[in-house]
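This is what each chain is made of:
4 protein chains.
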Amino acid sequence: MRVAFIGLGNMGQPLVRNLLKAGHEVLVYNRTRSRAEELAREGARIASTPAEACASGVVLTMLADDRALEETVFGARGILGALPAGGAHISLSTISTAFAQRLAEAHREKKQHYVSAPVFGRPEAAAAARLVVVAAGPAEAIERCRPLLEAFSRKVFIIGPEAPAANIVKLAGNFLIAAMLESLGEAFALVRKSGVDPAQFLEILNGSLFQSPIYENYGKIIVERRYEPAGFKLLLGLKDIRLALAAADAAAAPMPLASLLRDHLLARAAQGHGEMDWASLAEVAAQNAGLPA
Amino acid sequence: MRVAFIGLGNMGQPLVRNLLKAGHEVLVYNRTRSRAEELAREGARIASTPAEACASGVVLTMLADDRALEETVFGARGILGALPAGGAHISLSTISTAFAQRLAEAHREKKQHYVSAPVFGRPEAAAAARLVVVAAGPAEAIERCRPLLEAFSRKVFIIGPEAPAANIVKLAGNFLIAAMLESLGEAFALVRKSGVDPAQFLEILNGSLFQSPIYENYGKIIVERRYEPAGFKLLLGLKDIRLALAAADAAAAPMPLASLLRDHLLARAAQGHGEMDWASLAEVAAQNAGLPA
Amino acid sequence: MRVAFIGLGNMGQPLVRNLLKAGHEVLVYNRTRSRAEELAREGARIASTPAEACASGVVLTMLADDRALEETVFGARGILGALPAGGAHISLSTISTAFAQRLAEAHREKKQHYVSAPVFGRPEAAAAARLVVVAAGPAEAIERCRPLLEAFSRKVFIIGPEAPAANIVKLAGNFLIAAMLESLGEAFALVRKSGVDPAQFLEILNGSLFQSPIYENYGKIIVERRYEPAGFKLLLGLKDIRLALAAADAAAAPMPLASLLRDHLLARAAQGHGEMDWASLAEVAAQNAGLPA
Amino acid sequence: MRVAFIGLGNMGQPLVRNLLKAGHEVLVYNRTRSRAEELAREGARIASTPAEACASGVVLTMLADDRALEETVFGARGILGALPAGGAHISLSTISTAFAQRLAEAHREKKQHYVSAPVFGRPEAAAAARLVVVAAGPAEAIERCRPLLEAFSRKVFIIGPEAPAANIVKLAGNFLIAAMLESLGEAFALVRKSGVDPAQFLEILNGSLFQSPIYENYGKIIVERRYEPAGFKLLLGLKDIRLALAAADAAAAPMPLASLLRDHLLARAAQGHGEMDWASLAEVAAQNAGLPA
Chain F
1 MRVAFIGLGN MGQPLVRNLL KAGHEVLVYN RTRSRAEELA REGARIASTP
51 AEACASGVVL TMLADDRALE ETVFGARGIL GALPAGGAHI SLSTISTAFA
101 QRLAEAHREK KQHYVSAPVF GRPEAAAAAR LVVVAAGPAE AIERCRPLLE
151 AFSRKVFIIG PEAPAANIVK LAGNFLIAAM LESLGEAFAL VRKSGVDPAQ
201 FLEILNGSLF QSPIYENYGK IIVERRYEPA GFKLLLGLKD IRLALAAADA
251 AAAPMPLASL LRDHLLARAA QGHGEMDWAS LAEVAAQNAG LPA
Chain W
1 MRVAFIGLGN MGQPLVRNLL KAGHEVLVYN RTRSRAEELA REGARIASTP
51 AEACASGVVL TMLADDRALE ETVFGARGIL GALPAGGAHI SLSTISTAFA
101 QRLAEAHREK KQHYVSAPVF GRPEAAAAAR LVVVAAGPAE AIERCRPLLE
151 AFSRKVFIIG PEAPAANIVK LAGNFLIAAM LESLGEAFAL VRKSGVDPAQ
201 FLEILNGSLF QSPIYENYGK IIVERRYEPA GFKLLLGLKD IRLALAAADA
251 AAAPMPLASL LRDHLLARAA QGHGEMDWAS LAEVAAQNAG LPA
Chain R
1 MRVAFIGLGN MGQPLVRNLL KAGHEVLVYN RTRSRAEELA REGARIASTP
51 AEACASGVVL TMLADDRALE ETVFGARGIL GALPAGGAHI SLSTISTAFA
101 QRLAEAHREK KQHYVSAPVF GRPEAAAAAR LVVVAAGPAE AIERCRPLLE
151 AFSRKVFIIG PEAPAANIVK LAGNFLIAAM LESLGEAFAL VRKSGVDPAQ
201 FLEILNGSLF QSPIYENYGK IIVERRYEPA GFKLLLGLKD IRLALAAADA
251 AAAPMPLASL LRDHLLARAA QGHGEMDWAS LAEVAAQNAG LPA
Chain A
1 MRVAFIGLGN MGQPLVRNLL KAGHEVLVYN RTRSRAEELA REGARIASTP
51 AEACASGVVL TMLADDRALE ETVFGARGIL GALPAGGAHI SLSTISTAFA
101 QRLAEAHREK KQHYVSAPVF GRPEAAAAAR LVVVAAGPAE AIERCRPLLE
151 AFSRKVFIIG PEAPAANIVK LAGNFLIAAM LESLGEAFAL VRKSGVDPAQ
201 FLEILNGSLF QSPIYENYGK IIVERRYEPA GFKLLLGLKD IRLALAAADA
251 AAAPMPLASL LRDHLLARAA QGHGEMDWAS LAEVAAQNAG LPA
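Which chain is which? The protein sequence lines are F, W, R and A, in order. If you read the first sequence in our numbering, its first letter stands for residue 1, the second for the next number, and so on. If you read the second sequence in our numbering, its first letter stands for residue 1, the second for the next number, and so on. If you read the third sequence in our numbering, its first letter stands for residue 1, the second for the next number, and so on. If you read the fourth sequence in our numbering, its first letter stands for residue 1, the second for the next number, and so on.
Bear in mind the hints are in silico, worked out from the structure with no lab data behind them. Treat each hint with caution, since some may be false.
Note that the list lumps identical chains together, so a pair holds whenever it fits in one copy or between two copies.
[To be verified] Heads up, simulated BS3-like pairs for lysine-lysine below, C-alpha to C-alpha not over 25 Å straight-line:
#, residue 1, residue 2
1, Lys233, Lys111
2, Lys220, Lys239
3, Lys110, Lys239
4, Lys239, Lys193
5, Lys233, Lys193
6, Lys111, Lys220
7, Lys110, Lys220
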């Protein structure tokens with residue numbers, strides 16, 4: 001299948017590799033061209049504008065935030081003006097539900113299809129084609145693009161026809177992960193200051209209480225306090241919690257735990273740790289307990 | 001092995017059944033005698049005071065809180081005065097770390113052994129001999145009693161010689177579960193008010209994000225809003241979070257998420273819902289979002 | 001002095017009356033014309049568009065939020081296109097610091113002056129010409145307009161040349177008031193449930209501890225639970241705390257108490273109480289304590 | 001009038017001086033005798049045990065916490081055994097409501113009177129005889145001791161016959177002050193990081209918004225970041241917020257803002273700043289905003 005892919009960051013690059021591996025023809029675009037060139041050596045072709053990338057009729061985007069995607073879609077030589085009628089834009093980015101709504105409407109007006117298909121998983125999972133995709137939008141567009149999504153995921157969940165619903169699920173999911181990080185941070189600070197070995201405590205959590213790969217994975221990072229290099233940067237996590245709070249505000253659903261997470265992530269950012277892995281949220285509790293950094 | 005068991009509530013009863021099933025001779029005591037009589041029909045013998053139960057030299061206690069255990073140990077005809085030197089008291093209850101410390105000292109003075117061995121798991125798990133035990137105290141006492149603990153558990157973790165360390169682990173563990181309940185409550189309120197099917201959201205959590213039996217189990221209760229009959233009463237959960245906060249205060253480790261949990265559990269109790277399952281903590285977020293009760 | 005006034009709500013109307021009383025010629029505009037007509041009977045003249053109102057060269061605006069002011073300034077027949085070079089726009093509204101920045105830049109480009117001059121005080125204070133004004137912007141524009149500001153205030157504070165600084169002060173001030181409301185709400189819930197007379201407690205606060213008119217004023221409303229008619233609607237208070245949090249986010253200054261206020265105000269709004277006075281924030285603590293509504 | 005005074009710390013010493021100045025005969029006791037000797041040079045007489053001090057029939061106590069008062073009342077040679085029937089114990093300390101209840105009962109059993117009379121005000125106010133006293137207990141005992149209380153206060157409020165009610169008022173009052181400190185801390189962090197002069201902001205608060213001596217006083221300390229020497233130590237403030245939370249728990253009145261205060265005070269203590277003035281609670285917000293210490 002011919003497909004365009006825009007946004008070649010930590011996540012975008014391994015996704016393109018998996019698309020190529022699955023036999024798709026991929027036309028890539030990235031603002032910083034060098035990242036596209038790496039992929040060209042592995043079989044991708046390079047487009048020089050988002051518009052040029054749209055010729056294939058199906059475009060996947062994986063960008064950092066609303067603003068980057070806005071420029072790519074609505075900007076000069078953007079997707080909106082170039083995608084043919086009947087074409088589909090699949091947005092893999094974690095964006096606001098309000099912006100997802102605006103994208104759905106703008107594409108519909110141009111007789112194009114818009115699908116929100118945010119993904120769960122870190123770069124390692126992207127490389128291993130083990131992401132989880134949550135898709136919402138017009139059913140036929142999802143079906144058409146399913147082979148693309150399956151090229152890099154272990155599971156595709158389809159939520160329904162309203163695109164923003166997939167973004168809500170993604171934001172609620174990331175909120176749950178951040179809540180887990182905060183709870184682990186506080187629990188480990190308590191355990192440490194009470195003279196209990198945190199590694200032993202983690203073993204109990206993994207072996208019996210939660211038995212969950214994500215607790216195991218993040219628990220290990222926190223016990224070892226190994227936050228660099230970042231799998232998922234704290235600043236991106238802060239962005240996602242902001243988006244969850246914006247969605248909660250729009251829905252009139254107060255989320256005090258999300259507020260606490262935002263405040264702790266913001267403190268880490270204000271103190272200059274925004275580039276660390278977001279698991280370092282756990283360091284807020286350690287710092288407040290007077291534990292050495 | 002001959003063993004005494006004191007405290008025949010929702011947890012104590014199935015534990016005794018498992019001890020009997022494993023071939024141990026069990027002498028039971030309960031303040032309300034009728035609960036002991038049920039077990040007598042299944043092979044247990046009945047003691048009429050805690051002191052009388054202690055003759056066997058090994059006594060397991062499973063009581064509601066510090067106060068109940070204090071009366072049983074330090075009261076007239078209590079354990080402390082009756083347990084022979086060299087005897088062992090294994091406390092399965094969720095008690096404060098300060099009280100565990102006091103028990104350890106009091107028993108040591110009498111040349112008795114004290115082991116804190118709190119358990120994770122609800123009554124169903126107790127019945128199925130699937131609890132997880134976290135034990136701390138004198139190594140030889142733990143080894144001696146291990147067959148008893150194994151009679152009702154799928155896993156026994158040994159923390160070390162200081163009894164209160166096991167209580168810290170238990171309290172930190174229950175804090176993590178309550179944090180999960182709060183996070184699920186907020187996430188489901190957001191999802192519901194945004195028009196996404198909560199059951200579908202739960203399926204995604206279970207099938208990919210957390211893949212954890214405890215998320216699955218509690219997630220189901222919350223999605224169905226089925227909080228009665230209670231597996232674990234909210235008032236007991238409130239007690240445990242209070243104990244976690246007391247331990248955190250003693251260790252000078254601030255736990256703002258634990259504070260939030262205490263406040264929400266206390267609000268539920270103040271509004272008359274203390275007898276429901278503690279998963280109903282999730283209803284705080286639903287109520288604050290204006291969702292119908 | 002000749003001046004235009006746009007926005008004739010609960011605050012705008014008494015302000016115009018005070019301007020008239022001080023002898024100024026006032027040209028008024030309001031989207032709903034009837035409110036302008038009331039003032040016409042008292043000496044004001046009516047403009048039929050914002051643009052028409054701008055002829056005088058000085059325009060005061062008092063509107064509900066960023067969106068209303070954006071339409072009035074940037075919309076068709078808006079202020080920006082109509083105000084003569086050298087003219088001044090004095091914005092009395094509580095708006096975001098980001099939007100104040102945008103206004104300052106847009107007016108500067110047109111060689112117009114922009115002054116942020118938000119006010120503290122409720123409608124009664126506006127009527128009594130007892131508001132407190134916090135002004136920031138070009139010094140000569142502030143000096144020129146000072147007689148206008150003094151017509152309805154007891155005090156004008158001048159912050160400096162950067163307009164958004166006045167908005168920061170206003171938002172931080174409203175945050176402090178809301179924090180006072182929350183603290184009173186929690187204190188009164190404690191006092192009530194402990195069997196102490198809240199009126200007596202309030203007397204102690206006023207007579208000795210705080211001796212502050214604003215504690216006295218709001219304390220009385222809360223003790224009497226008399227939240228209607230609203231002097232300042234909860235929904236407007238919620239808007240202001242949102243703006244304070246947005247400013248805090250932009251400045252990377254976490255404000256957990258502001259987060260708590262936002263969540264409690266949002267819960268009141270979600271439960272259908274957004275039209276009450278924002279002092280009803282105190283009812284969140286009462287409700288959580290199980291006190292009758 | 002003849003009176004005993006026990007507890008000669010920062011508050012006790014100036015209180016005794018004011019009693020002497022008003023012409024009362026004062027018998028003092030302090031665990032560390034040197035502090036009593038200072039007062040002996042000013043006319044007080046020294047007792048060598050609490051019991052000995054009780055001969056006068058009226059004893060005032062001003063001690064650090066429940067534990068210190070417990071020892072003084074219930075310990076060997078304590079007040080309870082020595083105070084004559086009909087005698088009165090006036091406790092000025094900030095203690096728990098539960099302990100006030102226990103004191104009331106213990107004294108009643110001995111036919112003695114117990115009055116809770118906690119005070120608002122810092123050492124300077126104590127020296128200037130400007131404290132505010134909140135008294136509760138048997139009416140005739142309060143009337144009898146009123147001249148003593150008036151010797152060091154500008155106002156005596158009488159709450160009613162139930163002693164713990166005065167302690168509730170004191171704890172709720174201190175909670176309100178701490179809430180003010182937190183709100184000022186967050187507001188000043190926002191203002192500072194937004195480039196607004198905090199002294200100017202404080203001037204606005206004092207001159208118009210709050211017009212309250214306590215805001216002025218503490219606002220100045222926070223703007224100048226001058227937390228030493230402590231007028232009231234952070235560790236004592238932490239103790240008081242713990243007591244407020246304990247009272248709130250007993251009354252089933254959740255106080256999330258009090259929880260936040262406790263967590264922030266505890267973090268300051270864990271980081272080694274417990275001896276500073278409790279106004280340094282404001283530094284938590286500054287630190288989280290990344291402002292230099």
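Hint check results:
1. In this assembly of identical chains, lysine 233 and lysine 111 lie within 25 Å of each other by CA distance neither inside one copy nor across copies; the values are 36 Å within and 43 Å between.
2. Taking the shortest alpha-carbon separations for lysine 220 and lysine 239, only the intra-copy value of 24 Å comes in at or below 25 Å, while the best inter-copy value is 29 Å.
3. For the identical chains of this complex, lysine 110 and lysine 239 are neighbours neither inside a copy (30 Å) nor across copies (35 Å), given an alpha-carbon limit of 25 Å.
4. Taking the closest pair of Cα atoms, lysine 239 and lysine 193 come within 25 Å of each other only across two copies (20 Å); inside a single copy the shortest separation is 31 Å, beyond that limit.
5. Taking the shortest Cα distances, lysine 233 and lysine 193 sit within 25 Å of each other only across copies (24 Å), while inside one copy they are farther apart (27 Å).
6. For a Cα distance limit of 25 Å, the shortest separation of lysine 111 from lysine 220 qualifies neither inside one copy, at 48 Å, nor across copies, at 40 Å.
7. Taking the shortest alpha-carbon separations for lysine 110 and lysine 220, neither the intra-copy value of 48 Å nor the inter-copy value of 42 Å comes in at or below 25 Å.
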